[in-house]
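Using the hints provided, position chain B relative to the given structure of chain A.
Protein chains: 2
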Amino acid sequence: MARAWEDKIRKVEPYTPGEQPKDESVIKLNTNENPYGVSPEVKKMAESLEMDILRKYPDPKAEELVKALADYHKVDESQVFVGVGSDDVLGMCFMTFFNSDKPILFPNITYSFYPVWAEMLRIPFKTIDLKPDFTIDINDYKQDNGGIVIANPNAPTAIYLDKAEIRILLEANKDSIVIVDEAYIDFAEDGASVLDLVDEFDNLIVVRTYSKSRSMAGLRIGYAISNKEIIKYLNDVKYSYNSYTMNYPSIKLGSAVIADEDYFRSVLAKIKNTREWFVSQIKEMGYIVLPSSANFVFASPAGISAKEVFEAAKENGIYFRYFNSPGIDNYLRITIGTDAEMERVVEFLKTL
Amino acid sequence: MARAWEDKIRKVEPYTPGEQPKDESVIKLNTNENPYGVSPEVKKMAESLEMDILRKYPDPKAEELVKALADYHKVDESQVFVGVGSDDVLGMCFMTFFNSDKPILFPNITYSFYPVWAEMLRIPFKTIDLKPDFTIDINDYKQDNGGIVIANPNAPTAIYLDKAEIRILLEANKDSIVIVDEAYIDFAEDGASVLDLVDEFDNLIVVRTYSKSRSMAGLRIGYAISNKEIIKYLNDVKYSYNSYTMNYPSIKLGSAVIADEDYFRSVLAKIKNTREWFVSQIKEMGYIVLPSSANFVFASPAGISAKEVFEAAKENGIYFRYFNSPGIDNYLRITIGTDAEMERVVEFLKTL
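These protein sequence lines map, in sequence, to chains A and B.
The opening residue of the first sequence carries number 149 in this note's numbering; numbering runs sequentially from there.
The opening residue of the second sequence carries number 149 in this note's numbering; numbering runs sequentially from there.
Only chain A is shown next, with the shape it has when bound in the complex:
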C-alpha cells in the first residue's frame, strides 16, 4: 500500500555488506579483517576504561586520538580528521568536496561504496575502465571533473598504483580534490603511501582505517590527513551533522593502539609472509593471481568457475567474497587469514 508521504522520501538501493556469519567455526575470509587480535596495549587500556565517565559527552574534537595520530604520522593536529570508520570519513569527504555539477571520477572496478555514496548524495560521477590487466592508467584522469577518488592499493584487485603516477594525477588535477583511500596501504611496501605529498599538493586527502592493519574493525575508526584548510572544511560539515561521533571507548582504545609499533609491525610481517606463501600455492594450482599489496588476493581459478569455488567453499565453512559483476565475475577476493587457516583453504581448494 502506498503511503501518503511516500513521494517526499529518499529511496535508495542499499549497499550489501559482506556476510557476518555467527558460526564461530567459519573461516571468514570475506571482509578483509585482520586474523590477529588487537595489541596488548589495547587490552591494558580496556581495563582502565571508566564507565562513570560515560554520563558525559565525549570530547567532540577527539583530541587525544587526533594527537596520537598526528604524532605518529608527524603532521600537525590541525591536519587530522577522525570518523566512525573510513566509510564515515569518505562519506563526509564526498559530501564536503564533491559538490559541483561536474562528474567525479573513479575506476569502474574499485571499492563498491563510491558509486553508492555518489548516488545517495546525488553527485554526478563517471567511472573509468581499468586497463585489461586491472591497473589504473592515470592518463584517463586528465579530463574535466568534479573530483577524483582512488583506492590504493585498489580493491578488490589488491593492485598498488605507483606513487610517481599519483603525483602526475595530482599535478594534472589541481582544481579538484583528489582522495587517495589507503585502507590497505600498510600491507604494501614501506614508503608506498602518498602521505608525504599532502605538504606539496593542497588538493590531496589521504584516508586511512583501523579496520584492516590495526585489527580494530569492531571499533569503527577511520581518519583523513590533509592540509589544515581541508580538515577545517571537513570538520565544519561534520559538526553540522553530528558533533560527537567518536565515543569514549573509540577515543581511548584508538589512541592506545598507536603506541604499539612493534606489535603492529609483527602482525603486518606475518600477514605479508602468509600472503606470499598462499599466492605461490594457488599459482601452482593454476590460479591467475593479481599482484597483491593488500591483506587479500584477487584470484581466478583454473578449470572451475569462481562462482562454483565460492559456493563450494561456503558449504565447507570457508567464506570468500564473490562479486557477480562484469569483468570480475570469474575472480574471488580472498582475505589472508592465519597460516593455519590458509593451509586449510589450500587443502580444500585442492579437492575441487
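Hints may contain errors.
Any copy, or any two copies together, can satisfy a pair, since identical chains are not distinguished.
What the hints assert, rightly or not - With a straight-line cut-off of 25 Å between C-alpha atoms, the simulated DSS-like cross-links for lysine-lysine are:
no. : residue 1 : residue 2
1   : K400      : K170
2   : K380      : K222
3   : K420      : K311
4   : K159      : K250
5   : K170      : K380
6   : K400      : K191
Simulated from the structure, these hints should not be mistaken for laboratory data.
Here is chain B on its own, set in the frame of chain A:
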C-alpha cells in the same frame, strides 16, 4: 589564498556544541548530562568485553541492541533503528524523509540542530513562532509542509506538549512524516510518550537518546521507533552511507543498560526531586521558571540579566547554557545536577 578547488566544495556555518571544560572541579550544567553514573549492569558488562573481537566488523544490524530496545518498548525488532546518538538518527531521518520541495516545519525556539541539518542537507524549512508563553500551538502546523519535527519536551524551554495535541497534529498531517524527538521524555510524567501512537499513525517517528536519562552520552547511542516500512527506508539510507556505525562496545554496553530498570527509575526519581527543589528555590529568588518536564530548567533571573548570571557563574566554575537569540536572551538553561551541586548553585545565585 583562494584554492583552485574552492568552488566545488560545500561550505557550512558549523554548529557550536556546548563547552566541554577539562577542569574536573567545574559544576557542569551546560549540556544536560546526567549527574549520576551508569548502571552497575554496564560496569559488569564492561569487564567482559573481549578486545580480540575488535578485529572483526561489528554486527551491521546491531541485532543485540535492537532486540533489547524492542523488548523494552514492546515493539517488533523491525520497528527499531539505532544510530550514533540521536543526532545521527535525526540526521538520517532528515535525509531520508524530508526530501520534497515543500518546507519542513519546526518551532522557532527548539533544538538548535534542526535548522543546521536543514541547511546542510538543503531542505527548505519554515520556523513557527512559539506562543508568548513558549508553548507550541499545533494549529500553526495545519499547513502544507514537507515534514514536521517537534522536540517533546521542547528544548531549551523544557515544556511538554500534551499527547492529545500531538494526536491532532498527526491527524492533520497524514501526508507528511512527523518526527517527535523525545530526548527528554523520561523526565516527564509516566505515559507522556507518544510511542504507543506508532501503531495508529503510519507517519510518526519517535526518537530517543541514551545521552540523558540513561547516563551514556559518552557512548553515543540514539534510536528511532516507528512502523517497519519507515525503519526499512531509514536502514536503506544508513547502509548506503555507513554499514557499520554501532561499534562493539556500544552494542554490548548499550544492551546491558536496558536490563536495569530499577537503577534507571531511581536515577529519574532523584533528578525529578532535585528539579522540584531547585525550581522552588530560584522561584523564591524571583526567577521566572518555565514548567519543566526535562532534566533541565529554562529560567529568567530577576534584577540582573541572564548573560551576567551566565558569565559570573562561569567565572565561579559553574557552567550554564546561554543562548544569545531573540526571545530567549534573558533566559538560562540549567541542567539538574546532584543535590550537592544544585545547593552550591543556589548559594551562588543568592550572592548575585
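Do the hints match the structure? See the list:
| no. | hint | in the structure |
| --- | --- | --- |
| 1 | K400 - K170 | between (28 Å within a copy, 16 Å between copies) |
| 2 | K380 - K222 | within (19 Å within a copy, 44 Å between copies) |
| 3 | K420 - K311 | within (20 Å within a copy, 61 Å between copies) |
| 4 | K159 - K250 | both (23 Å within a copy, 17 Å between copies) |
| 5 | K170 - K380 | between (41 Å within a copy, 23 Å between copies) |
| 6 | K400 - K191 | both (11 Å within a copy, 17 Å between copies) |
Hint compliance for this structure: every hint is met.
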